[in-house]
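Chemist: Please model the complete structure; the sequences and the hints are all you need to start from.
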Amino acid sequence: MVDFWAGWCGPCKALSPALEAAAASREGKIELVKVDVDANQQLAALYRVQGIPSVKVFRDGEVVDEFTGALPPARVEAFFDKFVTSRADELLAAGDELSLREASELEPGRADVAVALAKARLARGAEDEALDAISAHEDDFGAAGVAARVRLARAGIATNAFAALDRGERDEALEGLIETLGELSRNGDLVSSDLDAAEARDLLRRAVVGILDESDPADPTSRTYRRKLAAALG
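So for the sequence shown, our numbering puts the first residue at 1; every next one is plus one.
By construction, these hints were calculated from the structure, which means they are not laboratory data.
Mixed in with the good hints there might be a few duds.
To be verified - Mimicking SDA-like on lysine to any residue, the simulated pairs with C-alpha atoms at most 20 Å apart in a straight line are: (1) Lys56 - Gln42; (2) Lys34 - Val2; (3) Lys29 - Gly69.
Fair warning: this is a prediction, and the values are worked out from it, not measured in the lab.
Modeler: As structure tokens, this is what we get:
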């Protein structure tokens, strides 16, 4: 991967740390080379560099992909992932708690890693540790779903549905959560001393959305459950 840049270029300086971090996290699986266009004008002309920063990916001497301009770190990571996965991706694929914890330390900004780690901790009953794993990702649907699950479980709500989810029975879990939501919509009594029906309904909604967030939006089954959720909320 070649970064065509210049010392006077502000966007180049903004992009450089993201490129270097993405390359470093892949432990030599992709080589990042920087080319100063002022010092290498013929080379820049040869590869038709018309704006900087310009990043080009070479394989067997040919350009196979490229982009121009400063991208945010998340998009830089996604660009790198087209050619080689990061160490964090490999650890995420491994799936065990130790690997997920290492992945979270390597890339603390990744909500998908944080949610996976939280679920691994939930599997051994470590609710507080699970909440700690997702504490920096409140706006992520998956993280919000995990947090909602913990609060509902502590209130004794939808425990059978979450047990089904732990067994890998997603559809049964969704049916149970949506059924419970519908029951609470029809019953305004307090659910517990510290959680009323309105709060429980919102937590159930978050739990359902968190599960569906992991599914392909085009999946017809997921669309069915989104409609059922909307009906239960209505």
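Chemist: Please go over all the hints and tell whether each is borne out by the structure.
Modeler: We went through each hint and held it up to the structure:
1. Lys56 - Gln42: Holds, at about 16 Å.
2. Lys34 - Val2: OK: Lys34 and Val2 at ~6 Å, within 20 Å.
3. Lys29 - Gly69: Answer violated: Lys29 to Gly69 is near 24 Å, above 20 Å.
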